[in-house]
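Student: Given next are the chains, with one letter for each unit.
Protein chains: 2
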Amino acid sequence: MISVLRLGHRVGRDDRISTHVGLAARQWGAEEVVFSGDKDEGMLESQQDIIERWGGNTEIQYTEDWKEFIRGFDGVKVHLTMYGERIEDKEEELRNRFENNDFLLIVGSEKVSRWVYENVDINLSVGNQPHSEIAALAVFLDRIRDRDIKHDFEDADIEVEPSKQRKLTKEKD
Amino acid sequence: MISVLRLGHRVGRDDRISTHVGLAARQWGAEEVVFSGDKDEGMLESQQDIIERWGGNTEIQYTEDWKEFIRGFDGVKVHLTMYGERIEDKEEELRNRFENNDFLLIVGSEKVSRWVYENVDINLSVGNQPHSEIAALAVFLDRIRDRDIKHDFEDADIEVEPSKQRKLTKEKD
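Protein sequences, first through last, are from chains A and B. If you're matching positions, the first sequence starts at 1 in our numbering and goes up one per residue. If you're matching positions, the second sequence starts at 1 in our numbering and goes up one per residue.
In case anyone wonders, no lab produced these hints; they're calculated from the structure. Hints are supplied without guarantee of correctness; some may be wrong.
[Claimed, not checked] Which chain B residues face chain A? A few, computed with CB under 8 Å, are given here: (1) His20; (2) Ile50; (3) Trp54; (4) Gly84; (5) Tyr117; (6) Glu118; (7) Asn123; (8) His131; (9) Val139; (10) Ile149.
[Stated by the list, open to error] Chain B stretches covered by chain A per the calculated footprint, using a threshold of three residues with CB under 8 Å from any CB of chain A: (11) 23-34; (12) 161-168.
[As the list claims (entries may be wrong)] Some chain B residues close to chain A (C-beta under 7 Å, calculated; not the full set): (13) Arg16; (14) Ile17; (15) Glu85; (16) Gln129; (17) Pro130; (18) Ile134; (19) Ala135; (20) Asp142.
Even for Gly, the Cβ is constructed at its ideal location relative to N, Cα and C.
Just chain A, with the same shape it has in the complex (with noise of 0.2 Å):
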């Protein structure tokens, strides 16, 4: 089980970023997307209705006490942060936790607080440079997942029909 933790949403300046850290999870499988920082129901709504429409059972949920959410969390946590732990020197161990453990993956806004940094099991950085956190949150998904991008999602009303040259969907039942 994959859990994902946004912190420090800010309503207007994040929304499209959280939207695309949601998106990322969703694609790569996660079960659940936490968002915390300012509650934004315009945000977590949007999220619901793609969720709603292109099918799927990644939970979209907001905490306030993110400390406490992480605390408790039963498994592994990553912190991933341009700072942090080479992903080339730890791939090979989180893929051996993988196998047996939860993994909580948390992304950051612009100031992560201290307190994360002392509290996860592995600070990890992919790419120590300055950072995406969608990107670093699909690279490190696309990797632990073997390259296992979810195509079919339970109870979608819409699916893309993969095509060369058009946008083509169709309407499911």
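With chain A's structure known, arrange chain B on it following the hints.
Tutor: Only chain B this time, still in chain A's reference frame:
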């Protein structure tokens, strides 16, 4: 050589998404990131500032005439879109072509013109689902470049010291 073209940038609404596109492109060693849409001097300068400080030779450019840019590109033109053929079906072919060809990776905005679909070599989906173009770009680059995240950038003023629990950077001479 990899060139990335980001279509349809809008001032305000897309600042952070476009910045993340640039950061992901640089992280996997793209030589050039070209923005189109609104000419957003602030966003372009902030990308340029990151490169000056953190190093490397990724060129940040702007073009008004994106059609001409696509037409004039001498290499394989890949449009990343949720409607395209599946990366699973095309990856091997693309990896082979990448050995001997420059690649142009095109990522869109909300509405990509039909012209793009019809004037590229391949419309490719990293998941046929509602889509983060940042995730699609990063995962495509990670796969096509054999997981080769770029760590050392020329002429950096600053670099991260990978760390288990802290934010460590060092200024370089």
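Student: Now look at each hint and say whether the structure bears it out.
Tutor: Here is what the structure says about each hint:
Taking 8 Å as the C-beta contact cut-off toward chain A, the hint placing B:His20 at the interface holds, the least distance being around 4 Å. With 8 Å as the threshold, the beta carbon of B:Ile50 comes within range of chain A, its nearest partner Cβ sitting at about 5 Å, so the hint holds. Evaluation of the B:Trp54 hint against chain A yields a held restraint, the C-beta minimum of about 6 Å falling below 8 Å. Using the Cβ-Cβ criterion of 8 Å, the hint placing B:Gly84 at the interface with chain A is satisfied: the shortest such distance is roughly 7 Å.
About 5 Å separates the beta-carbon of B:Tyr117 from the nearest beta-carbon of chain A, less than 8 Å, and the hint is met. Interface restraint check for B:Glu118: the shortest CB-CB distance to chain A comes to about 6 Å, inside 8 Å, so the restraint holds. Interface restraint check: B:Asn123 against chain A, minimum CB-CB distance 6 Å, threshold 8 Å, status holds. Because the beta carbon of B:His131 sits about 7 Å from the nearest beta carbon in chain A, less than 8 Å, this interface hint is met.
Because the beta carbon of B:Val139 sits about 5 Å from the nearest beta carbon in chain A, less than 8 Å, this interface hint is met. Residue-level restraint check for B:Ile149 holds (minimum Cβ-Cβ distance to chain A is 5 Å; threshold 8 Å). Proximity of the segment 23-34 of chain B to chain A, defined as three or more residues with a beta carbon under 8 Å from a beta carbon of that chain, is established by the 4 residues found. Requiring three or more residues with a Cβ within less than 8 Å of a Cβ of chain A, the coverage given for the segment 161-168 of chain B holds, as 7 such residues are present.
The closest approach between the C-beta of B:Arg16 and any C-beta of chain A is roughly 5 Å, which is under the 7 Å cut-off, so the hint is satisfied. For B:Ile17, the shortest C-beta to C-beta distance to chain A is roughly 5 Å, which falls under 7 Å, so the interface hint holds. Because the beta carbon of B:Glu85 sits about 5 Å from the nearest beta carbon in chain A, less than 7 Å, this interface hint is met. Hint status for B:Gln129: holds, given a least beta-carbon distance of 6 Å to chain A, under 7 Å.
The closest approach between the C-beta of B:Pro130 and any C-beta of chain A is roughly 5 Å, which is under the 7 Å cut-off, so the hint is satisfied. A hinted interface residue such as B:Ile134 counts as satisfied when its beta carbon comes closer than 7 Å to some beta carbon of chain A; here the least separation is about 4 Å, so the hint holds. At its closest, the beta carbon of B:Ala135 sits 4 Å from a beta carbon of chain A; the interface hint therefore holds under the 7 Å criterion. Against a cut-off of 7 Å between C-beta atoms, the interface hint on B:Asp142 holds, since the closest Cβ of chain A lies about 5 Å away.
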